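Sequences and hints are given; from them, build the entire structure.
Protein chains in written order, with my numbering: chain A, 87 to 393; chain B, -9 to 349.
Among the clues, some could well be false.
[Stated by the list, open to error] Some, not all, of what chain A presents toward chain B, calculated at C-beta under 10 Å:
id, residue
1, Asp153
2, Gly266
3, His277
4, Asp304
5, Lys309
[Claimed, not checked] In silico DMTMM-like links for lysine to aspartate or glutamate, alpha-carbon gap of 20 Å or less:
id, chain 1, residue 1, chain 2, residue 2
6, A, Lys295, A, Glu254
7, B, Lys252, B, Asp237
8, A, Lys171, A, Asp153
9, A, Lys348, B, Asp237
10, A, Lys348, B, Asp73
11, B, Lys252, B, Glu238
12, A, Lys342, B, Asp73
13, A, Lys201, A, Asp123
14, A, Lys171, A, Asp191
It should be emphasised that the hints constitute simulated quantities derived from the structure, not laboratory data. None of the values given here were measured: they were computed from a predicted structure. Cβ atoms here follow ideal geometry from the backbone N, Cα and C, with glycine treated the same way.
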Amino acid sequence: MNQYSRNCLLVLLSVALLLCLSCASPPPAGNVVDDLDRTINIDEIPQRIISLAPSNTEILFALGLGDRVVGVTEYCNFPEAAIAKPKVGGFSTVDIEKVVSLEPDLVLATQIHSKTAIPALEKLGITVLALAPGSLDEVINDISLVGKITGQDKQASQLVNSLRTRIEAIASRTQNLAPGQRPRVLYLTWHDPLITAGTETLVDDIINKAGGQNIAYDISGHKAIALEAIIHRDPQVIIASIGMGTGEDLPWQYVKNEPRLKNTEALLNDRVYKIDGDLAHRAGPRIVDALEQMAQFIHPELFEEIN
Amino acid sequence: MALELLRDTAIPKTAAVYPLQWRSRVYAIAGLALLLGVVVVVTLAIGSTHIPLATLGNILLAKLPFTGVESTWASSMETIIFDIRLPRLLLAGLVGASLAVAGATYQGLFRNPLADPYLIGVAQGAALGAVTGFLLPVSWQAASIPLLAFAGALLAVAVVYSIARVGKTLPMTTLILAGVALGAFLAAITSYLMIASGDKLHGIISWLLGTFSLTSWWQVTMVIPYISLGIVVIWLHARPLNVMQLDEEQAQQLGINVERVKLILLGAATLITAAAVCFCGIIGFVGIIIPHAVRLIWGPDHRFLLPLSTLAGASFLILADTVARTMLAPTEIPVGVITAFLGAPFFLYLLRQKKRAIF
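Put into structure tokens, the structure is as follows:
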């Protein structure tokens, strides 16, 4: 072929090659807004990521980013691979030096760190993104967000779709229930003092989607509830969270043994259940497991076939 | 004539007025006892669940034999009144009474208006015991926390006593200093344990702020022996306590066995304080403010100060606990927060009204 045609071919091939290369890795996300309304600029795909909360760790591993995780907290116990990662602190106690020494491109924090670790890390020039979802939809949005900024859009949309399908499978059967068909549910996080999950918590969202009504409807957040209020509101289902710290199943045992509760409908019909606190309180992909379990507790007649 | 002049000036005015003052104070005791009764009945009706007074009256009457009142109410109301509110009120009353009396005793013993029941390490010892209980393997926790708190309180004071004792005497300033020092040390250990406790922190903090939220009858029956014994012993020593307001030497010369009285009163006051805090945590403010308020109104004579403080302390804490459980119903606030909030302004008000020496 003559020189002109050869040059055209070379140019075309180079352009095609360049196009292919840029398709292989998605562009960095640019400006994103996190759950604390902070605007963060992501100008390159993060390769070294530190998580400051067990929920964030679970999200990262679920998106296939386990290799990029270089630091987790002492409480990050799922999946197994997370336990071997270097530790940067507890829940609200973050070792800033350790974080800096691990040279992260991105730190995933929560609202707990908003006044402490986040400003300290920002001053040191580290990119911090805070995730603080208050409902199942917000958890899913956060998963998409993390997928977008880490270049794992495909994995994120696969995970999000499967989670949405599972949520829809439950919500579709419960959203048309009349108030009279929704059992009164008490969720007990701890027994001494009696702590429940009120409105604006993930657990409250789960109870509603699972077809129940939370008896702590006039408490917001995780707060104490009076024993006499529980007796007066007569829950039909009591779900106690277990495995909190080394508390084993103390809240569940308390409910079964407290003589003043024995005349509530839940105790009379033996509808007291336990759920792993790691599932129900972590704003990660396993929150949908908690939804499925609680749906079975609250409406066993509707959800028998879920494993 | 000189004799008459002497007689007119020598016999102090108070001698003539004293029978009247005595009588008014006895009436005050009766009045406060009545107030306590009213407070108990009224606060039984108040709570996060609305129970009309008429229904409450019927429920109470139904408990008495031969009244033949038919039950028209849900059994849950009976559970609420007799198994939740009543033991809670009684415990609050007992704790308030003991803290107030212990505070008055410490103020009298140390002759110091800033003394409170936690002065020589009772609170810090109890806190350390309780936090240790929280951190034990879980199956032991339910009964162990009050027990360890009680033991911790008594041990702390025993240590302080043995540090401060000189031969057979007990110098009070040394006692305070030793108590403050040991208290600081115990508080440091407690703080460290709290940080190491991780997610048990919420329960520990609730206990430390003082709460009656899960009171049941067995707690009431457990504390009654210690508290009633201690309070009676203290009441019986009202006269010696009066005399001890003078210098210790003078009191000794007036026939009081000062060292023995100190020991007995310290022991009794510590016992009732330890029993008071071991179930419900460290409730502050009651032990220092109630005796002062009573002194401002009815004077420092311990024969009246002690019973009046007992009754006033009981009513005060019952009312504070009622506020704590209804203010943000159905959620509850630790009662120690309320006592501080209520106590300080009330005391300032009293100070302005009386405008005379506190002590």
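- Message: If you test the structure against every hint from before, which numbers come out violated?
- Response: Hint check: 1, 2 and 9 fail, others pass.
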